[in-house]
Amino acid sequence: MPFPPLAANAVALLDLLREPAHAATLSAREWDLLVRSARTARLLGVLEVRLTAAGVLPLLPLPVREHLAAAGRVAAYRRRMALYAVDRIAAILVPAGIPLVLLKGTAYAAQGAACADGRVFEDVDLMIPRPRLAEAEARLLAAGWAYDETLSPYDDRYYREWSHELPPLRNAEHPLELDLHHAILPPTGRAQPVSDALFADALPIAGSGLLALAPVDQVLHVCAQVFQDSDCVGRLRDLVDLDALLRTHGGEAGFWPALARRADRHGLARALWYGLRYCSSWLGTPAPANATAAVLHAAPGRATARVMDALLLRALIPGDPDREPGVGARIAGVFLAARAVWLRMPPWLFLYHAVHKGYRAMAGGVRPKSGISSR
Amino acid sequence: MKVAEVGEGGLREYLAQPGLALDFGAARARIRTDLPALAAAVGSVYSNFDVEPAEGFFDVTASVRRARGPRRVLRPQIQFVADGALPFEPFPAATHLPFLEWGLNWSIAERCNQHLLLHAGVVALGDAAVVLPALPGSGKSTLTAALAVSGFRLLSDEFGVVRLADSLLLPMVRPVALKNASIGVLRALAPAATIGPVFAGTRKGDVAHLAPDAASFASRHAPARARLVVFPRYATGSATRLEPLARSRAFAKLSANSFNYEVLGADAFDAVARLIEACDCYRLEYSRLPEAIAEVERLARRAPSA
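If you're matching them up, the sequences are chains U and E in order.
The letter at position 110 of the first sequence is residue 110 when you use our numbering, and the numbering goes up by one with no holes.
The letter at position 87 of the second sequence is residue 87 when you use our numbering, and the numbering goes up by one with no holes.
Just to be clear, a hint being listed does not mean it is correct.
Said to hold, decoys possible - Covered stretches of chain E (chain U as the covering partner; in silico rule of three or more C-beta atoms under 8 Å from a C-beta of chain U):
hint: 1; region: 57-64
hint: 2; region: 82-95
hint: 3; region: 106-116
hint: 4; region: 258-266
What the hints assert, rightly or not - Simulated restraints, written as ranges between beta carbons of each label pair:
hint: 5; chain 1: U; residue 1: A146; chain 2: E; residue 2: R71; range: 34 to 40 Å
hint: 6; chain 1: E; residue 1: P136; chain 2: U; residue 2: L141; range: 30 to 36 Å
hint: 7; chain 1: U; residue 1: S152; chain 2: E; residue 2: P136; range: 28 to 34 Å
hint: 8; chain 1: E; residue 1: A246; chain 2: U; residue 2: P61; range: 38 to 44 Å
hint: 9; chain 1: E; residue 1: D270; chain 2: U; residue 2: P61; range: 22 to 28 Å
hint: 10; chain 1: E; residue 1: A40; chain 2: U; residue 2: E149; range: 41 to 47 Å
hint: 11; chain 1: E; residue 1: N180; chain 2: U; residue 2: P61; range: 38 to 44 Å
hint: 12; chain 1: U; residue 1: F350; chain 2: E; residue 2: V185; range: 56 to 62 Å
hint: 13; chain 1: U; residue 1: R265; chain 2: E; residue 2: R71; range: 47 to 53 Å
hint: 14; chain 1: E; residue 1: A252; chain 2: U; residue 2: P58; range: 36 to 42 Å
hint: 15; chain 1: U; residue 1: T150; chain 2: E; residue 2: A252; range: 28 to 34 Å
hint: 16; chain 1: U; residue 1: E149; chain 2: E; residue 2: P136; range: 22 to 28 Å
Think of the hints as simulated: they come from the structure by calculation, not from any bench.
Note that the structure is predicted; figures quoted are calculated from it, not measured.
Cβ atoms here follow ideal geometry from the backbone N, Cα and C, with glycine treated the same way.
Starting from the given sequences, assemble the full structure and let the hints guide the process.
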């Protein structure tokens, strides 16, 4: 299916991710737009890694090199802090015999995977079996982890009853928050990945006593996150993660058929179809011809696919850094948010939740964005 | 051509599209706004800056624009926009320049992590730089401003930019934010200095900005070696007292007062150590500004040059 065209700065960013050697030909103005787009898309650190590996860094203007270096330093710091937090948390939970599965970036970093390099780490994502959740929570709270005191009883209850994770936990010694999951998608959602299978096939991470999802499950987790449980806004960097995972494991014997079978097992075939589609279109991810064929049975109709193409183009791909999101992007965001809600919870729950949130908003209970720090 | 030489209409045009380019030294910014009042204020506090083309690569691109919808006219608000995003809640339109300056501070701190960013004012006499760390209640900005109008060149008020490779201080020449009583004090101290409009009712009280002078702007690409670290402490009615501080203590206090020390880790440790080793460190308690200036000047003249 043909794709609608991308904006210039998006084309430049995607091109550079695929062909870092093209960096040598960019003008100062092109760099200005590119660095700003990449930063907004949380891909500046990844760009730095790829440009360094391609050997083009010395050819770039000094200010550009400095911005890349700065992004690299922040990425390295946050990665270090994520692994430090994992180490401390493991010391609390592993001795109690609680199986600890690292998710997403936390796993990539612990495994030394390529997609961890230059990645912006935002929080620490771990998964443990649901029956052990209360015990793990108690141990963490006893060890100095705590919930945000502004967490309302309603939100707390929402997390515990209807979500796949506890409210975020914080610790004064750790800059990153801890998200403790018992599943990879909400229990209220339309897709219900088989948690038992996720745990059963999790692989040990050498020398750590910790586990990571099997590669097929890691791939499906990203697809689920983006296409089953989010409004896709700003999620290009998740597709970049997905691209890296597929390139790393795509050559392994039996990977693609196993991936398709697993997608069906978890009810994530449609999400995988989307993942493969957008990764191949935008990031040039190589996939064997029968890979997409294997999930074709879950593909959306032509019209739906066209609509998703248009929506994702506006929501997921970074816009012009010199403009605020236009009407198209905002409408796309609204539609995709509605889609996410539809996929995340049944209509009666949405109504209940919306009424409650709406009431609290009118009563002034909604927290604003954080204001300027006192710098 | 200097910003001061551009007429108000011309300045508004620059600030519309593609923007007004400002070279702070360690960073270059491109500013846009649709508020005529902000255009005038920018013209005042950046009066000694050169007007440069706004094309090319910039470290920070930011704009302050009127809010949309009812808040455009009803109790008017403004928004800070950087790279297509709105990182902050809107502010009252009357506090436009402080809002721009705070937004620029935030943007610089987000982006410039290739350098160590101390929370300190930095001035220099000849080749010897004086670092004035900004502990709460220190009166750092007042003292920085006072030194800047008393023969010292201004490197920066908010960010002490330390180059990791050699611990040299890089200028980040920006207007110095004066609060409340300091505004009147500076006016009395230096009647000829350009101080921008006073903004009442901000989070920090009354705020006005001292414009960097032409000499400080001209030296914005000239790094300086730190020779003095002076921890100021303003205490009403106190005598001027200078107390030497052990380098180890100064190290601890300096590194604790930084924007990105933890991010830079071992490299930051080495950079601060190298910086402190070349410095004499002091605690300065004062209430009378001229005496404080005199003390710092005496120390700066005595310090070995680079």
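Against the structure, the hints:
With a threshold of 8 Å between beta carbons, the proposed coverage of the region 57-64 of chain E by chain U holds, since 4 of its residues qualify and at least three are required. Restraint check on the region 82-95 of chain E versus chain U: 7 residues with Cβ-Cβ distances below 8 Å, three needed, restraint holds. With 6 residues bearing a CB less than 8 Å from a CB of chain U, the region 106-116 of chain E meets the requirement of three and the coverage assertion stands. For the region 258-266 of chain E, the assignment as covered by chain U holds, since 5 residues bring a beta-carbon within under 8 Å of that chain's beta-carbons and 3 suffice.
Judged by the Cβ atoms, the range 34 to 40 Å given for A146 (chain U) and R71 (chain E) holds: they are separated by roughly 37 Å. At roughly 32 Å, the beta carbons of P136 (chain E) and L141 (chain U) sit within the given window of 30 to 36 Å. Checked against the hint of 28 to 34 Å, the pair S152 (chain U) and P136 (chain E) passes, with Cβ atoms roughly 32 Å apart. Between A246 (chain E) and P61 (chain U), the C-beta spacing of about 43 Å keeps the proposed range 38 to 44 Å intact.
Against the hinted window of 22 to 28 Å, the Cβ-Cβ separation of D270 (chain E) and P61 (chain U) comes to about 27 Å, which satisfies the hint. The given range of 41 to 47 Å is respected by A40 (chain E) and E149 (chain U), whose C-beta atoms sit roughly 44 Å from each other. At about 43 Å, the CB distance of N180 (chain E) to P61 (chain U) agrees with the hint of 38 to 44 Å. Taking 56 to 62 Å as the suggested C-beta distance range, the pair F350 (chain U) and V185 (chain E) conforms, at roughly 59 Å.
At roughly 51 Å, the beta carbons of R265 (chain U) and R71 (chain E) sit within the given window of 47 to 53 Å. Taken as a hint, the range 36 to 42 Å holds for the pair A252 (chain E) and P58 (chain U), whose Cβ atoms sit roughly 38 Å apart. Checking the proposed 28 to 34 Å range against T150 (chain U) and A252 (chain E) shows it holds: the Cβ atoms sit about 32 Å from each other. The hint said 22 to 28 Å for the Cβ distance between E149 (chain U) and P136 (chain E), and at roughly 24 Å that hint holds.
Violated hints: none; the structure is consistent with every hint.
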